[in-house]
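Protein chains: 2
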Amino acid sequence: MEATLAITEAVTKKPKPDPNSLQFGKTFTDHMFTMEYKADEGWTNPQIKPYAPIEIDPAAMVFHYSQTVFEGLKAYRTKDGVVRLFRPEENFKRLNRSNKRLSIPPIDEKSAIEHLKQLVALEKDWIPTEEGTSLYIRPFVIATEPSLQVAPAKSYQLFIILSPVGSYYPTGIQPVSIMVEEDTTRAVRGGTGSAKTGGNYSAGYNAQAKATANGHAQVLWLDGMEKKYIEEVGSMNVFFKINGEIVTPELSDSILEGITRKSVIELLKSWKVPVSERRVTMQEVKDAYDNGTLEEAFGSGTAAVISPIGELTWRDTTMTINGGETGDVTTSLYKTITNIQTGKERDPFGWTLKL
Amino acid sequence: MEATLAITEAVTKKPKPDPNSLQFGKTFTDHMFTMEYKADEGWTNPQIKPYAPIEIDPAAMVFHYSQTVFEGLKAYRTKDGVVRLFRPEENFKRLNRSNKRLSIPPIDEKSAIEHLKQLVALEKDWIPTEEGTSLYIRPFVIATEPSLQVAPAKSYQLFIILSPVGSYYPTGIQPVSIMVEEDTTRAVRGGTGSAKTGGNYSAGYNAQAKATANGHAQVLWLDGMEKKYIEEVGSMNVFFKINGEIVTPELSDSILEGITRKSVIELLKSWKVPVSERRVTMQEVKDAYDNGTLEEAFGSGTAAVISPIGELTWRDTTMTINGGETGDVTTSLYKTITNIQTGKERDPFGWTLKL
Ligand SMILES: Cc1ncc(COP(=O)(O)O)c(C=O)c1O
Ligand SMILES: Cc1ncc(COP(=O)(O)O)c(C=O)c1O
Numbered sequence: 000m001e002a003t004l005a006i007t008e009a010v011t012k013k014p015k016p017d018p019n020s021l022q023f024g025k026t027f028t029d030h031m032f033t034m035e036y037k038a039d040e041g042w043t044n045p046q047i048k049p050y051a052p053i054e055i056d057p058a059a060m061v062f063h064y065s066q067t068v069f070e071g072l073k074a075y076r077t078k079d080g081v082v083r084l085f086r087p088e089e090n091f092k093r094l095n096r097s098n099k100r101l102s103i104p105p106i107d108e109k110s111a112i113e114h115l116k117q118l119v120a121l122e123k124d125w126i127p128t129e130e131g132t133s134l135y136i137r138p139f140v141i142a143t144e145p146s147l148q149v150a151p152a153k154s155y156q157l158f159i160i161l162s163p164v165g166s167y168y169p170t171g172i173q174p175v176s177i178m179v180e181e182d183t184t185r186a187v188r189g190g191t192g193s194a195k196t197g198g199n200y201s202a203g204y205n206a207q208a209k210a211t212a213n214g215h216a217q218v219l220w221l222d223g224m225e226k227k228y229i230e231e232v233g234s235m236n237v238f239f240k241i242n243g244e245i246v247t248p249e250l251s252d253s254i255l256e257g258i259t260r261k262s263v264i265e266l267l268k269s270w271k272v273p274v275s276e277r278r279v280t281m282q283e284v285k286d287a288y289d290n291g292t293l294e295e296a297f298g299s300g301t302a303a304v305i306s307p308i309g310e311l312t313w314r315d316t317t318m319t320i321n322g323g324e325t326g327d328v329t330t331s332l333y334k335t336i337t338n339i340q341t342g343k344e345r346d347p348f349g350w351t352l353k354l
Numbered sequence: 000m001e002a003t004l005a006i007t008e009a010v011t012k013k014p015k016p017d018p019n020s021l022q023f024g025k026t027f028t029d030h031m032f033t034m035e036y037k038a039d040e041g042w043t044n045p046q047i048k049p050y051a052p053i054e055i056d057p058a059a060m061v062f063h064y065s066q067t068v069f070e071g072l073k074a075y076r077t078k079d080g081v082v083r084l085f086r087p088e089e090n091f092k093r094l095n096r097s098n099k100r101l102s103i104p105p106i107d108e109k110s111a112i113e114h115l116k117q118l119v120a121l122e123k124d125w126i127p128t129e130e131g132t133s134l135y136i137r138p139f140v141i142a143t144e145p146s147l148q149v150a151p152a153k154s155y156q157l158f159i160i161l162s163p164v165g166s167y168y169p170t171g172i173q174p175v176s177i178m179v180e181e182d183t184t185r186a187v188r189g190g191t192g193s194a195k196t197g198g199n200y201s202a203g204y205n206a207q208a209k210a211t212a213n214g215h216a217q218v219l220w221l222d223g224m225e226k227k228y229i230e231e232v233g234s235m236n237v238f239f240k241i242n243g244e245i246v247t248p249e250l251s252d253s254i255l256e257g258i259t260r261k262s263v264i265e266l267l268k269s270w271k272v273p274v275s276e277r278r279v280t281m282q283e284v285k286d287a288y289d290n291g292t293l294e295e296a297f298g299s300g301t302a303a304v305i306s307p308i309g310e311l312t313w314r315d316t317t318m319t320i321n322g323g324e325t326g327d328v329t330t331s332l333y334k335t336i337t338n339i340q341t342g343k344e345r346d347p348f349g350w351t352l353k354l
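Chains as they are written, first to last, in numbering that gives the first Met the number 0: chain A, 0 to 354; chain B, 0 to 354.
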């Protein structure tokens, strides 16, 4: 049995930020959720308490061997005060899949969602209501045992922190320029690519810096073995519309199973738009471009929801997709998913969880 | 210009542990070294202060994207009180190579060594003098900026913590059993394998658990692309003696350039023992075993120095090497390197730095 949730309210509350000048992931709310794992007690001591620096031993294993996993999801609030979470059960399922890959003990998904709901309810006033804004939710687990042994820790801490975020597209949905990365590798068969663990992200900083220096927004990652198959775009899954069909790389242990990806596929199926999950080579995309059948391309992820790709640079070729404009299917997906998330449209899939 | 080192001594000192019951990396000394990086000041504020938990924001980027690097080296003390560091300049060079891969700003290697010397001098009494014991030194850098943006941090902290360690071989040098891992991957071309960064280590926990469950001490890692070429053993580099020649996998961006490895190669060359750094397939080792020319095998690393491999299991074959006993070259390397480290033998290479 898990202990009951203890709630300590913050004595002083921070002023709420201007929703029009929010930077992603820089502002945090007044409270956070924490829970500990001890070898002999399991996950215990669930608490909501004031957001504050934590005290941690410099030998805590997370600092040395990066035994850590995280999640990212959003809560949306309408002007009339209704708060919706988008598919939180999928995030906690994925957290446990990541835990497994990183040898971290699984959490109870049901009670985690209950605790999250209580935290978000307490922080309700922090959720902006302006078009495109939301509350970004970041659950994460870190290994806290002080030990330099290269082995799974005996103690962990789970946190949920909350950050109000502004619109990803303050001036309307905008296609971006993407560079195909062929030197460095994000993930490989047998590695940690399908887990949401920190090491996958810092591994990509050099490639991202190169892309930025060359005027691109993000990199497109190829498979680590042959640098032939398309995997992801930045921290998003990727889709192409080729000759009327939507294709996306099939899942493998080097691709993160995005919840937006899953939603896109379900939505397309409900629309009877042909969609297939299969291996896609960069050459296939280039050939489609050359013969005029590369019709649209976009990334999918919690932060941007849908991010149209206007330009794709591979080696010496820059492909302009759909004249650099957002394609029709891309637009429909963006509108429908965000409308469901914010309650503007009916949710026939049961994706949203009202508080 | 870097600021001068500020030293705050601990008011109460911890009792020194029994050198015969030390577990690796579980006991820490009274003081630690810290230094901060700020975007507008560079590396600043070097301090030696009491070893204690640190205060850090839960949004600190190290927790989310594992932007972190570390090092490991040892100090040895003789009964007459002389303290020697083993090749510290190599460790700080490697730290900066790791920093580069992880987009962390480089540190000044010279001043880092000066600060390390001051820290070790202050903690001199913590260094055990018994046969095989030493003081393990763990420098590490973590990204401290509170931000959820997937990008290099603007602030960092470097720590050096110290841990007295017991003998790796309390009952004399012992060959171990190794299992070749073919499912999961530690590192791949274009990845972070040649950097000493946390993500490489927790990625191997599942494989290590499988090895342990099957009665093996460590795993042998193959290349991530073809699972054909030998890379490392656990957290050690690996050597084979085949038909009179010592061979070790050549360096690549998926192999950590070990300082013990480097010392082994230099020592073998000085002994005129044939040694070559080249690609080695698992099949080659198996063939050598089959035709009776696989004479010795060992791992090399700071913790064990030299770790003889008595048994190597690949798929259905278990190869017993040198009758399961430590080979002659393995023994000579272990003795000579440890003798140089502890000052029992002359150091013709200038490897040791006396305090
Ligand atoms: C590497 C990676 N790929 C894809 C995604 C998209 O996943 P989701 O749609 O669940 O946000 C993410 C997370 O945002 C990610 O970190
Ligand atoms: C992955 C890995 N390989 C090899 C080594 C050996 O390096 P060194 O001899 O510098 O300790 C280490 C560090 O101990 C390591 O972490």
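Note that these hints are calculated values from the structure, not bench results.
Heads up, a few of these hints could be off.
Restraint ranges, calculated between C-beta atoms of paired labels, are given here [claimed, not checked]:
#1 B/Arg314 - A/Gly349: 23 to 31 Å
#2 B/Ser331 - A/Pro104: 43 to 51 Å
#3 B/Leu250 - A/Asp289: 36 to 44 Å
#4 A/Glu225 - B/Asp107: 35 to 43 Å
#5 A/Glu256 - B/Gly214: 28 to 36 Å
#6 A/Glu344 - B/Asp39: 42 to 50 Å
#7 B/Lys99 - A/Glu225: 44 to 52 Å
#8 A/Ser110 - B/Asp327: 55 to 63 Å
#9 A/Ser251 - B/Gly349: 34 to 42 Å
#10 A/Asp182 - B/Thr280: 22 to 30 Å
#11 A/Ser251 - B/Thr77: 53 to 61 Å
So these bits of chain B aren't anywhere near chain A, every CB distance computed over 12 Å [to be verified]:
#12 Gln207
#13 Leu267
#14 Gly323
#15 Lys343
The model shown is predicted, which means the values in this text are computed figures rather than measured ones.
We treat Cβ as the ideally placed atom computed from N, Cα and C, and that holds for glycine.
For each hint, the structure was consulted:
1. B/Arg314 - A/Gly349: 23 to 31 Å: With a Cβ separation near 47 Å, B/Arg314 and A/Gly349 fall outside 23 to 31 Å, so the hint is violated.
2. B/Ser331 - A/Pro104: 43 to 51 Å: Taking Cβ atoms as reference, B/Ser331 and A/Pro104 lie about 45 Å apart, which means the hint holds.
3. B/Leu250 - A/Asp289: 36 to 44 Å: For A/Asp289 against B/Leu250, whose Cβ atoms are near 40 Å apart, the range 36 to 44 Å holds.
4. A/Glu225 - B/Asp107: 35 to 43 Å: Roughly 41 Å apart at Cβ, these two residues keep to the hinted range, so it holds.
5. A/Glu256 - B/Gly214: 28 to 36 Å: Hint holds: Cβ distance 34 Å, inside 28 to 36 Å.
6. A/Glu344 - B/Asp39: 42 to 50 Å: At 47 Å between Cβs, range holds.
7. B/Lys99 - A/Glu225: 44 to 52 Å: 26 Å, violated
8. A/Ser110 - B/Asp327: 55 to 63 Å: 60 Å, holds
9. A/Ser251 - B/Gly349: 34 to 42 Å: Violated, at about 49 Å.
10. A/Asp182 - B/Thr280: 22 to 30 Å: 25 Å, holds
11. A/Ser251 - B/Thr77: 53 to 61 Å: About 54 Å separates the Cβ atoms of A/Ser251 and B/Thr77, which means 53 to 61 Å holds.
12. Gln207: Violated, since 7 Å does not exceed 12 Å.
13. Leu267: Nearest chain A Cβ is 27 Å from B/Leu267, so the label holds.
14. Gly323: 25 Å, holds
15. Lys343: Check passes; 26 Å lies beyond 12 Å.
Hint compliance for this structure: hints 1, 7, 9 and 12 are not met, and every other hint is.
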